[in-house]
Amino acid sequence: ISRDFPYPTKSEINSKIFLYQLGISGNYNALPRKPIMDTSNAFSNATIVKGFLDKEGLSDSTVSIKKNVVVDLEGDGSQEQLICAYDWNTSAWRTSEGKDGKGTYSIVVLSKTINGIPVNINIASQFAKDKPQKEYIFNAPMLLDVDADAIMEVVVEGKGKDSSIVEFYKIIDDKAKKIYSAEMKND
Numbered sequence: 001i002s003r004d005f006p007y008p009t010k011s012e013i014n015s016k017i018f019l020y021q022l023g024i025s026g027n028y029n030a031l032p033r034k035p036i037m038d039t040s041n042a043f044s045n046a047t048i049v050k051g052f053l054d055k056e057g058l059s060d061s062t063v064s065i066k067k068n069v070v071v072d073l074e075g076d077g078s079q080e081q082l083i084c085a086y087d088w089n090t091s092a093w094r095t096s097e098g099k100d101g102k103g104t105y106s107i108v109v110l111s112k113t114i115n116g117i118p119v120n121i122n123i124a125s126q127f128a129k130d131k132p133q134k135e136y137i138f139n140a141p142m143l144l145d146v147d148a149d150a151i152m153e154v155v156v157e158g159k160g161k162d163s164s165i166v167e168f169y170k171i172i173d174d175k176a177k178k179i180y181s182a183e184m185k186n187d
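Take the sequence shown: its position 38, counted from the start at 1, is 38 in my numbering, and no numbers get skipped.
Don't take every hint at face value.
Simulated crosslink set (DSS-like; lysine-lysine; CA at most 30 angstroms straight-line) [what the hints assert, rightly or not]: (1) Lys112 to Lys50; (2) Lys34 to Lys170; (3) Lys161 to Lys178; (4) Lys55 to Lys175.
To be clear, the hints were calculated from the coordinates, so they are not data collected in a lab.
Using the sequences plus the hints, can you model the full thing?
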């Protein structure tokens with residue numbers, strides 16, 4: 001996976017590209033169903049992200065969807081949507097378009113149907129207004145079956161100025177349970 005992030009200064013150029021490989025070994029198929037990139041639901045996906053932003057008091061933030069995939073996570077014939085969105089204009093995210101970072105966010109959301117009711121699950125998120133200890137841009141979510149149960153987990157990568165993270169989430173009903181997290185220092 002390789003992504004370019006919007007770092008503005010030359011001193012930060014070394015951390016612009018985020019590269020890593022993820023390997024899973026076992027006698028099972030770690031990708032039992034193929035995720036498909038999807039742009040057909042742009043308006044409904046923007047509405048989902050906007051709902052999370054409104055709840056956080058970020059109604060004036062720009063909805064900027066970076067990745068959207070459709071997949072049947074559980075193998076039950078029902079398609080889920082995995083949405084990655086962020087509005088990150090600097091690595092320091094305290095100064096976003098003159099709003100002092102107030103509108104800056106990064107979020108990964110899973111939209112699925114449970115008992116006929118649409119549910120939107122916040123997988124991973126950060127909001128500048130919360131001033132988190134470590135600031136990450138969550139990007140390029142992947143889907144893999146990491147525990148050989150034929151149900152795919154969500155793998156999220158996060159890129160920060162000084163470190164990067166990889167987190168695995170198991171979806172249980174309407175909750176995302178973090179089952180693994182690793183942090184790597186950016187050298």
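Problem set entry | Restraint status (C-alpha distance of Lys34 to Lys170 at most 30 angstroms) | holds (17 angstroms)
For this session: Please work out if Lys161 and Lys178 have their alpha carbons no farther apart than 30 angstroms.
Result: holds (23 angstroms)
Problem set entry | Distance restraint between Lys112 and Lys50, which requires alpha-carbon spacing of 30 angstroms or less | holds (17 angstroms)
Exercise. Under the criterion that the straight-line Cα-Cα distance not exceed 30 angstroms, is the pair Lys55, Lys175 satisfied?
Worked result: holds (18 angstroms)
The structure is consistent with each of the numbered hints, conforming to all of them.
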